[in-house]
Amino acid sequence: MNDIQTIRLGCGAGFSSDRLGPAVDLAQRGALDYLIFECIGERTMAFGHRDRMLDPARGYNPQLRARMRGVLAHCYANGTKIVTNMGVANPRAAALLIIEIARELGLTGLKVACVEGDDVTHLIGPDTEFMDHPGAVKDVGLRMVGANVYLGVEALLPALQAGADVVIAGRIADPALFLSPLVHRFGWALDDWTALGRGTLAGHLMECGMQVTGGYFADPGFKDVPRLADCGFPIAEVAADGSFVITKLDDTGGCVTPATVKEQLLYEVHDPAAYLTPDVTANFRGVSVTEIGTDRVRLTGADGSARPEKLKVTIGFDGGFLGEGGISYAGPNARARATLAAEVIRERLTRINRLGGDLRIDLVGMNSLHQTAEVPVSDSADIRLHVALRSTDRDDIDMMLWEVESLLCCGPAGGGGYRGQVTPCVVTHSCLIARDQTSPTFEMFVA
Amino acid sequence: MSQKTIHDIAHARAGDKGNTSNISVWAYDPKDYPLLKRQLTAERIKSAFPKLFTGTIARYEMDNLHGLNFVMLDALEGGVNTSLNLDSHGKSFSYLILSLPIEG
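Taken in order, these protein sequences are the chains called X and E.
Everything in the first sequence is counted per our numbering, starting at 1 for the first residue and increasing by one.
Everything in the second sequence is counted per our numbering, starting at 1 for the first residue and increasing by one.
Since the hints were derived computationally from the structure, they do not count as laboratory data.
Don't be surprised by glycine CBs; every beta carbon is placed ideally from N, CA and C.
Among the hints, erroneous ones may be present.
What the hints assert, rightly or not - Here's a subset of chain X near chain E, in silico, CB distances under 8 Å, partners left out:
(1) D127
(2) G221
(3) A259
(4) Y267
(5) G356
(6) R384
(7) H386
(8) V426
Construct all of the structure, not just a fragment, from the sequences and the given hints.
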C-alpha cells in the first residue's frame, strides 16, 4: 500500500445542517477517494439523545436520509468511500437506514460498517466530576440524557480495513474522521506523531466544510468572495508524508486562499502548539501556508507529539426550553417606544407574573449581540424588541410569549410583527475518562 | 477622515468551546503585523470590554503567518447552552475586536 501517491478527501458537511448540493457535486465529479460528513457538535449530540428517548428508532442526523439519497449512488459508482458521524446517538438505526436506501437505489452488495462504543452513559454517575470547572453531575440539577466519549482513529480503522463502503459512527473527534482514511491507506503507525499531526491538520481544515473555501469569510470591500451562492465544499489532496493541498472543484464559487486557510487554521483552537485529539497532540505553530495556484493552497510543517492519556467525554442534560418573542417598532421616536416596551415587559414578567428562569431583553437594531460588551448604542428607526426566557417550566415560557404578544394592544404605540417560538434546550458539560474504559466495536451490514 | 480601526488592516474569525471564546486576528499585509502585535494586546482587549471578557485572556502569536490568537475564558455569558445572547456562540465577537481603533 506504500506506493499510493495522493489521497483525495472531500468534505460533504461541516455541521449538522450544512448544505446538500455541494456534497452531491463532490460525490458526482470530485474524483474522491473518501467523502466525509462531519455533523456533530456538543449540542447536536445531546439533541440526538433527546430524539432517541422520544423514539428509539431516531437519534441520528435528521438530514441523513436526504444526504444518502443524494450521494450514495454516485459514491458507490465512483469508488468513493463515505465516512461520517451522522449516527449521532443511534449509529445502528442510521446504518440500517443507509442499507434501506442502498436497496431502494439498487446498490446491491454495498457494505455499511456501524461503529459503536462512544456511548459511555453507563460510566457517568452523580459524582462524576467535570474537567474544565468545579462541580459534578449531581450539581447540575437537570436530567442527564447521555454521555459520549470522543473516539479516534482506532475506532474507525477496523471498519475501513474490513472494506466498508460507508462507515457510520457517533462521537468521533472531528479531525479523526479525515485522519482515519489516511492512516488506513498510507499505513501510518499510530505513534508516528508527525504524520498524525499533519493528517490532523488536514482534518481540522476540512472539518468545517466551506469555512475553508470562502464560506463564513466574505466582508464586502475587504474580503470579497466570488459567487458565494455557489460556493463549493473543500477537497484535500494529501501526500504520503502528510503534506497536503486544499482546493475545490474549478467551476464552483468561493475561493481557497492563504487568508481563508489561516482563518480556519486556528478556528476553535486554543494553543496552536498543542491541539489535543484522541490520536495526537498536534502542533500547528510551524505550519507554512503557500498559494501554489488558483484556489490551491499547500500546507506543510505541521507536527505532533504523544496523544493525551485520557479521553474527553461530553455529558448532555435536558435543559428545558428557550422561549423567544419579538415585536418591532419603526419610524419617529422608535428607540424611545422600544425602550419603553422593554421596561414594561420586564415589569410584567418579573413583578406581576413572577416568572422563574433566566430572562434577557434585547433591542435588535440598536445593540443586541454586543450589549454585554457595552458598545455604545446606535440610533435606529427600525428596532425589534427581542425577549428571551430560558426555563425548565413550559408554563413560564408560554406566559412570557403571551405577555409579549399582548404588547400589540397593551404596549407603546405602533408595535407590530409579533412572533414567538419555543425551542427545546440542552446543557452540556465535559469530563475525562481513562482510555481503557472504552472498547469501540463495529458491525458490517450488507445491502 | 474617520479613525482607522483594526478592521482596516486585519481580518478575524471567532470560535467557541464551552464558555471559552477564541478569536484569531490576521494582518492582511505582513508590514502591518508589528503594529497589530503592538496594539492588539490581551490587556487592551480586556480593558476595552471588561463586562464581556471577565476571565483571563491569553494571546498566542503566529509570527510566521502574521496572526494572533486570543483565548478568552468565561467570555460567552455561560456558553452556548445557557447564554441568552442572540449570538450565543459569540461568533460576532470577531467584529467587536476588529472595531477597536488603531491608536497613535
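Query raised in the report: Would the stated hint for Y267/X survive a check requiring a Cβ distance to chain E of less than 8 Å?
Result: Holds: closest Cβ of chain E sits about 5 Å from Y267/X, inside 8 Å.
**Report entry** chain E contact restraint on G356/X - CB to CB distance below 8 Å
**Finding:** violated, 14 Å
Query raised in the report: With a cut-off of 8 Å, does the beta carbon of R384/X approach a beta carbon of chain E closely enough for the hint to hold?
Result: At 10 Å from the nearest chain E Cβ, R384/X fails the 8 Å test, so the hint is violated.
Requested in this report: Answer holds if the nearest beta-carbon of chain E is closer than 8 Å to that of D127/X; otherwise answer violated.
Outcome: Violated, about 21 Å.
Query raised in the report: Is the shortest C-beta separation between G221/X and chain E less than 8 Å?
Result: Violated. Min distance 11 Å.
Query - Hint check: 8 Å Cβ-Cβ cutoff, H386/X to chain E - result: Status holds, d = 7 Å.
Query raised in the report: Going by Cβ atoms only, is A259/X closer than 8 Å to chain E?
Result: Result: holds, 6 Å to nearest chain E Cβ.
Query raised in the report: Is the interface hint for V426/X satisfied, with its Cβ closer than 8 Å to some Cβ of chain E?
Result: holds, 7 Å
When the structure is compared with the earlier hints, violations turn up for hints 1, 2, 5 and 6 and for no others.
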